[in-house]
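Peer 1: One letter stands for each residue in the lines below.
Protein chains: 2
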Amino acid sequence: MKKLMLFFTLLIGCFLLNAQDEAVRKSDSVMIKKLFDHHLTASSSYDWLRYLSNEIGGRLSGSVEAEQAVAYTERELKKLKFDRVWLQKVMVPKWVRGTPEFAFIESSPGVTTDIPIAALGGSIATPALGIKAEVVEVKSFEELAALGKRKISGKIVFYNRPMDPTLINTFASYGGCVNQRYSGAEQAAKYGALGVIVRSMNLRLDDFPHTGSMSYGELTEQERIPAAAISTNAAELLSATLALNPKTKLYFKQSCKQLPDVESFNVIAEIKGSTYPDEFIVVGGHLDSWDIGDGSHDDGAGVVQSMAVLESFKALNYKPKRSIRVVLFMNEENGMRGGNEYANQAKRKGEQHIFALESDSGAFTPRGFSFDTSVEMFQKYQKLEPYFEPYLVDHFTFGGSGADIGPLKSESIVLSGLRPDTQRYFDHHHSENDTFSEINKRELELGAAAMSALIYLVDQYGGQLSGVN
Amino acid sequence: MKKLMLFFTLLIGCFLLNAQDEAVRKSDSVMIKKLFDHHLTASSSYDWLRYLSNEIGGRLSGSVEAEQAVAYTERELKKLKFDRVWLQKVMVPKWVRGTPEFAFIESSPGVTTDIPIAALGGSIATPALGIKAEVVEVKSFEELAALGKRKISGKIVFYNRPMDPTLINTFASYGGCVNQRYSGAEQAAKYGALGVIVRSMNLRLDDFPHTGSMSYGELTEQERIPAAAISTNAAELLSATLALNPKTKLYFKQSCKQLPDVESFNVIAEIKGSTYPDEFIVVGGHLDSWDIGDGSHDDGAGVVQSMAVLESFKALNYKPKRSIRVVLFMNEENGMRGGNEYANQAKRKGEQHIFALESDSGAFTPRGFSFDTSVEMFQKYQKLEPYFEPYLVDHFTFGGSGADIGPLKSESIVLSGLRPDTQRYFDHHHSENDTFSEINKRELELGAAAMSALIYLVDQYGGQLSGVN
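Line by line, the protein sequences give chains A and B.
Numbers 1 to 469, taken from our numbering, label the letters of the first sequence in order.
Numbers 1 to 469, taken from our numbering, label the letters of the second sequence in order.
Keep in mind the hints are simulated off the structure, nothing from the lab.
Heads up, some of the hints might be wrong.
List time: in silico BS3-like cross-link candidates among lysine-lysine, alpha-carbon distance up to 27 Å [said to hold, decoys possible]:
hint: 1; chain 1: B; residue 1: K383; chain 2: A; residue 2: K383
hint: 2; chain 1: B; residue 1: K380; chain 2: A; residue 2: K383
hint: 3; chain 1: B; residue 1: K380; chain 2: A; residue 2: K139
hint: 4; chain 1: A; residue 1: K34; chain 2: B; residue 2: K139
The model shown is predicted, which means the values in this text are computed figures rather than measured ones.
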């Protein structure tokens with residue numbers, strides 16, 4: 001009889017627990033719906049982005065625009081009356097593009113066609129009068145090595161491996177190509193090339209050259225050669241022209257240069273946790289951008305979405321249990337100084353960071369989140385997917401988060417990235433075509449809403465999601 | 001011992017069956033990957049759409065452009081050497097817009113602001129000199145009824161209920177608003193209104209008026225009043241102006257008219273089934289569009305995606321078991337004559353249609369499919385989701401397909417619709433902003449690839465998916 005009593009007690013206990021779970025899940029769902037409603041009707045994100053993009057513009061590290069963006073976002077965050085808003089000093093590289101680049105294809109002596117070109121970030125200038133030389137087209141470093149010094153010395157190397165159109169995730173296509181841009185000059189210089197031209201990292205055929213960071217690796221200053229990207233249409237033209245006449249020459253001229261580091265800032269706002277003030281949750285994006293567009297998708301969107309997460313908590317009068325910080329990182333594009341500095345200071349102060357979320361993949365319709373954590377913990381996060389199903393943001397993937405939060409990585413933190421639809425991203429990325437006019441307000445807001453929902457859930461259950469089952 | 005033998009035989013049988021299932025699933029997955037690869041690298045869909053949109057343009061039923069589109073798609077389908085390509089005659093209404101509409105707000109006598117306006121499809125003209133009258137703003141038919149004849153007679157009714165921004169599926173927001181456009185004139189005429197102005201069905205604030213079909217219901221010709229849409233920005237301006245001065249007047253003039261029906265065509269191409277030639281699978285979109293854009297999203301996309309399904313089967317040398325038809329329907333927008341005629345003829349000829357798929361929701365990234373069938377059959381179709389997961393088109397939903405295939409509905413057919421991302425659709429729908437420049441090539445191709453994969457699976461397993469478990 002006693003056993004039977006115990007059995008029934010347990011049964012009822014289980015039932016009550018389940019009923020309680022159910023009630024909690026329901027109240028979480030109600031909160032998440034409120035967050036989405038808020039973002040879709042009353043968010044400041046689109047207006048903030050309009051200001052960053054149209055009133056300020058491209059925000060390359062060390063530029064006046066980057067400093068304006070620091071001041072603007074600090075001012076806006078202060079208006080929202082968070083517990084703390086401050087600037088975190090960080091020294092950043094200052095690379096400047098100089099006068100506009102210029103390039104043409106010379107298919108036969110005196111017969112030229114101008115093509116759109118942009119110096120790669122970190123590249124040196126050409127000589128003042130530019131470079132004109134024959135062109136060697138390659139698709140890989142292996143091909144380059146096979147050609148060797150004899151065929152390459154004194155020429156311009158043209159990297160023309162296109163992004164793979166059959167990959168559904170365009171970031172994977174990008175990953176399969178970007179070594180041409182990042183290390184192309186370093187590799188080609190070894191064989192005596194005079195300069196390097198890279199096909200833009202873009203799946204579409206168009207007329208926008210796409211810049212981006214590059215590195216000379218271990219090359220001395222004397223060994224360095226100038227590097228630039230040309231548009232995909234120009235790459236097709238150059239390749240076709242070379243097929244007709246292998247003696248075709250390319251001319252290009254650029255006057256970019258690297259100046260001494262300058263002072264800049266991460267911008268940080270914090271709501272102090274009511275129950276666990278010493279546990280920190282970070283949500284962020286990067287404030288700097290390239291200079292040739294206005295950086296709306298990369299990464300103005302991530303900046304304003306992160307600000308909007310805290311704005312929505314304030315608007316709904318939600319008091320987080322844990323301390324939540326918006327961090328607007330400086331210098332993601334060409335140095336990662338902001339991300340490194342934030343992580344260093346967090347470590348130095350012994351701040352316990354439990355979760356960090358970055359949005360740095362454009363303002364397109366959110367499809368899910370990625371998680372950089374253990375397999376076991378990822379499986380636990382997958383249990384949150386049902387909360388996101390009504391909003392079609394339920395595609396959770398294993399691995400990857402964001403460049404700026406990467407340095408926070410440790411065993412005790414879960415890193416995450418917002419994963420929007422990727423199809424259009426590289427039409428804009430690092431080009432003149434990354435502008436506010438290409439932002440869809442609802443898509444931007446849906447991303448911020450999804451981020452708010454995830455941050456809310458982590459705040460409720462902790463970075464290890466205790467109690468989620 | 002015998003029993004044991006039987007047990008092992010069964011066990012091995014099950015294992016072999018499972019292994020076979022597994023092998024079949026794998027070969028299906030390989031075929032689907034080939035289809036996606038084909039569409040992302042070698043499809044004609046984007047070029048076809050460029051021609052339909054830029055060389056032909058808006059294809060309103062009965063227009064020269066609609067006939068050009070019939071001739072063009074017939075020609076292109078014939079080039080692909082399907083078993084049969086033919087035109088199916090259908091009489092269609094011919095409504096013409098006439099000279100451009102014109103409208104202004106008169107906030108006080110002589111103080112006017114021009115606003116963008118477009119007559120609704122099917123509306124009558126205003127008197128030659130236009131209509132100028134005071135305006136009554138309402139949000140619903142209930143509000144209209146409450147105001148009654150005394151307040152409405154002699155005035156222009158302005159329907160200004162916006163699309164609900166908190167719904168994630170924007171088609172649901174559209175559904176909650178479109179009665180203002182479709183029945184607004186019929187309702188307002190009963191109370192003696194002189195004309196009707198409708199806020200455009202658009203979630204965004206912009207300057208494009210969005211047209212679309214409307215009906216006078218049972219009203220006699222004498223009772224009918226002119227109806228037009230104004231842009232969302234204009235609706236906001238008119239509403240704000242009315243708040244300041246309720247005596248504000250609106251002027252509008254339009255010269256549209258309904259002409260006698262004319263002959264047009266559905267365009268049909270067929271690959272004959274190798275095993276079950278008498279079972280028909282339909283894939284289609286509608287060839288007509290509104291006149292003020294070029295109908296790229298609505299529904300040039302669906303047309304070229306459907307054509308591309310058969311093109312991909314040809315290119316991969318896939319011989320379908322069942323007969324597959326591409327049907328390009330005429331007159332979806334203002335009459336549905338093509339869809340009705342196709343279904344009538346299918347019925348008359350006793351053709352056994354087992355599955356029909358329509359793409360008519362724009363060329364955006366595909367997210368999944370909807371299915372109009374029984375709950376049990378829908379659950380069976382959900383078992384196909386894993387095939388679509390690698391392509392992120394795995395969101396299958398219950399209910400709804402496409403307007404043109406609706407008339408085929410019966411107990412023995414499964415109807416389905418491609419479901420792309422909906423966030424941007426109503427920025428373009430029925431407006432001057434539905435143009436080829438707003439089409440992303442990859443998104444268009446991914447939709448066609450997903451459609452091909454679904455048609456392939458239905459061809460393999462039949463409309464009832466026998467053998468799928």
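Peer 1: Decide, hint by hint, whether the structure agrees.
Peer 2: Hint-by-hint comparison with the structure:
Taking the CA atoms of K383(B) and K383(A), the gap is near 21 Å; set against the 27 Å cutoff, the hint holds. For the given pair, K380(B) sits about 25 Å from K383(A) by alpha-carbon distance, which is consistent with the 27 Å threshold. For the suggested pair K380(B) and K139(A), the alpha carbons sit about 46 Å apart, so the restraint of at most 27 Å is broken. Under the criterion of a C-alpha separation no larger than 27 Å, the hint pairing K34(A) with K139(B) is consistent with the structure, at around 24 Å.
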